[in-house]
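Turn these sequences into a full structure, and let the hints steer you where they fit.
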Amino acid sequence: MPRIGVFVCHCGSNIAATVDIARVMAAAEVMPGVVHVTDSKYTCSEPGQAAVRAAIREHSLDRVVVAACSPRMHEATFRAAVAAAGLNPYLLEIANLREHCAWVHRDRVEATAKAIDLVRMAVVKVARHVPLTTSRIPVTKRAVVIGGGIAGIQAALDVADSGHPVVLVERTPSLGGRMAQLDKTFPTLDCAACILTPKMVEAANHPLISLMTYSEVVKVEGFVGNFRVTVHRKARSVDTDKCTGCGTCYERCPVKVASEFDLGTGYRKAIYVPFPQAVPNKATIDKDNCIYYQRGRCRICERVCEAGAICFDQPDEEIVIEAGAIVAATGFDQFDHAVYGEYGQGRLPDVITGLQYERLVNASGPTQGKILRPSDGREPRTIVFLSCVGSRDEHKGVPYCSAACCMYTAKHAMLARERVPGARVFVFYIDVRTGGKGYEEFYRRAVTEYGVNYLRGRVSRIYQRGDRLVVAGEDTLLGAQAKVEADLVVLATAMVPAAGASELAQTLGIGYDEHGFYTEAHPKLRPAETNAAGIFLAGACQGPKDIPQTVAQASAAAVKATQLLNRQSIETSAIVATVDAAKCSGCQWCVAVCPYGAISLVDRQGHGAVKSVVSVNPGLCQGCGACVVACRDGALHLLGYTDEQLLAEVEAVWQ
Amino acid sequence: MRPYAYYPGCSLQGTAKEYEASLRAIAGPLGIELHELPGWTCCGSSAAHATSHLLAIALAGRNLNLAARTSFAVPSSRGAGLLVPCAACYSRLRGAQVALDADGALREQFAEVTGEPWSGGAVAVKSLVEVLAQDLGPAEVAACIVRPLSGIKVASYYGCLLLRPTTITGFDDPETPSTLDSLVAATGASPVAWSHKTECCGAGLSISKRDVVGRLVGDILSAAVDAGAHAIVTACPMCHANLDTRQDIAGKAAGRSFRLPVLYITQLLGLALGIAPRQLSLRSHLTSVGSLLAAIEAGAALTGEAT
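One line per chain: the protein sequences are A and X, in this order. In terms of the working numbering, the first sequence opens at residue 314 and continues consecutively. In terms of the working numbering, the second sequence opens at residue 110 and continues consecutively.
Since the hints were derived computationally from the structure, they do not count as laboratory data. There's no promise every hint is true.
With a Cα cut of at most 30 Å, we get these calculated BS3-like pairs of lysine-lysine [as the list claims (entries may be wrong)]:
1. A/Lys837 to A/Lys427
2. A/Lys796 to A/Lys683
3. A/Lys512 to A/Lys532
4. A/Lys512 to A/Lys837
5. X/Lys361 to X/Lys262
6. X/Lys262 to A/Lys796
7. A/Lys796 to X/Lys318
8. A/Lys547 to A/Lys454
9. A/Lys796 to X/Lys361
Below is the structure:
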């Protein structure tokens, strides 16, 4: 007969306010196998844990039930407490009286009855627990960081500075990401390039960082500590060892293409370096627009390149990297405002996005930092900014707030007042959200020092009248219609995940929400981790963020990755599937359903015959149980959640 | 021939007689059969929906119940739907249909006040624009044109009720609509790209707040004239009355002088189908269409602003 101890937690008043703790304890005392019952105001506190440890020794307990909050919250805490008292940590069961009972019910009598049921289920289950053990697997001491924007650069530098090699993979020809496109940054108005470029160079020169630009991750195999990441490196058609970045090739190239980096506000050539501070400063040929690739002639770049770096027959490559940890830092794109017919459907040339405006005010942008409108190159006298375009719009856009727009719009408005003396500047807004250090003060400066006119209300229509734009909306503070004749309109479009983000999530085997943002393991307590062990998140791929938040999360992700890489080996979970080889028919249904690729077919010798059966890799298995459900033979079991244990719980509810 | 049940509504037999006359004139040539709904009454759009939600639902619902009993209003081989030329009637009938279909409690109230259960859910309520631009389509309309209106520039004015809210209309984009433009193009005239296709004309305030109406109509007429339009077409009796009769005060508000012909889409189509202006009641507008007719006659351009 087991000797079970039951520890009922009040959780302050979280549980005790709705559940009658005394009645739960009285009921627990007569449950089969229970030899000790006690309560505590906060079982998770150090005195609470000490009481658990003491009771195990004092009452010779060999099983423990903690009736408290969700196991997602404190299962690890109590496993450690149980282990500290000398018991196998898996001889513990949590009854969730908080999230599953007290927080979701009001009726005290019924909630108490349900709490008693939950405790009874935990008691019968833990009575059937057996000690579980973990195994250890080695760790490859290298990280792969996907995305070379500020998030990826920061994470790569932090991991490398901790002494581990990093491969930094970037899809475009240069590091820098969105931040490289920005002019100044809030709330200090220091220039983005001045603080970003040194980091780009540092990453490129770091002895432990290898750069793979113009490259994309196409396949990820393996598991925590032992990933195999396949990277597709696109041919630049330029030998980067020879290219000096002198620029002769793109000066002479005859093909003009709208620049991706300038978001269509400027041009580049078919052979190009995306922007002057690009890292690496090496040219790339855009094959889709190159005359030679399209029509088989030209080769001007090859003729003028003194270094002889042009290499038209350079092949694409696939490179496999062994790594212990992965950081996803794929960033964001701008919401496409073409869905807004009322704002011109993306067809009015002088209605631009915030990021395009950044290029216009940027000294290295297409207008050398002069604010000139796209339609006729004239300096605008009246500029109107619209916040929340796409954001907070369930009908046409996305329901969430994009977090950075209020601040960058204030910045944009200030820059407009600075660069165009006497310009009239208006901002239409729903709310001005300035949560962040120094943010509210920054916004107040825009209003009081810079004379930016803030109008509270949404814009209903933007239309062309002559060579100007009419912005019609509502001023909800005055309760009046507001109509502004403008020369330039700037839309603060929502942040959406970068193109291809969901496909990469599927490659990585990590979760993403309905908008495509990657899902963190816990919204508050594990913001830089994913539910896939060994894969971490940095920056706007996880949700809209500004630069300070992005850098903070990138460093957090780097610490988490470094923690992993610092270990010689890692402990696998004990809650994994196991195979009863005698029952397995080798049908491989489980192989098909396993989301982690943890199951494979192996040959097994026995009685002079060879039988094909499945085998579970405990390093990959995340204990989800999908295979157990799929198994037609009843050959798969999830340790800690066996049929016997779960059916005992079901029976206990009907008692 | 496409047989439709036809709901005229009060306007088409009162202030917008020319809309009905021109609709009946073009129906035959375009292959549209109109079967006026026997026993139709007020749709509930003007006074009723401002005073009683239930009355507005019940009036519209009663008419839809009537329509459901004809063989023309429910799509089948014998019927193509309930054709509603007036934008306000269309909005009210569709609005009531959506509300009654969605809300069981409302259906019970409806049955109680009308003495009959709701049965109008299957009726295909269609605006005239929807019938012309989608049931027939611009190609089929263009094939019937005998007198192309080439050289004439027309501003398509949709107003508010034809397109919004999209949850009850939905046949065209509410912000950048194109159905009316496609019909203008089918006549051989050129639809102008302009900014005020869906701006409010202020018809609801036409009697009570003339200053507001003057400003709104002035904006719309200015935008149409500036876009080079020789005429505005519409499919709404309220818009028509407002744009046609308020050009004086609109001119004062805008600081210019307007004489821009405002036609129903049926009248423009009628001209292109070679129907005599008299049959299309073109002479009943307050703003003269003489200059437009002369231009069509001469194939020459003209301006909507008095010089």
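Consistency of the hints with the structure:
no., hint, in the structure
1, A/Lys837 to A/Lys427, "29 Å, holds"
2, A/Lys796 to A/Lys683, "26 Å, holds"
3, A/Lys512 to A/Lys532, "28 Å, holds"
4, A/Lys512 to A/Lys837, "29 Å, holds"
5, X/Lys361 to X/Lys262, "25 Å, holds"
6, X/Lys262 to A/Lys796, "28 Å, holds"
7, A/Lys796 to X/Lys318, "20 Å, holds"
8, A/Lys547 to A/Lys454, "26 Å, holds"
9, A/Lys796 to X/Lys361, "19 Å, holds"
Hint violations for this structure: none, all hints satisfied.
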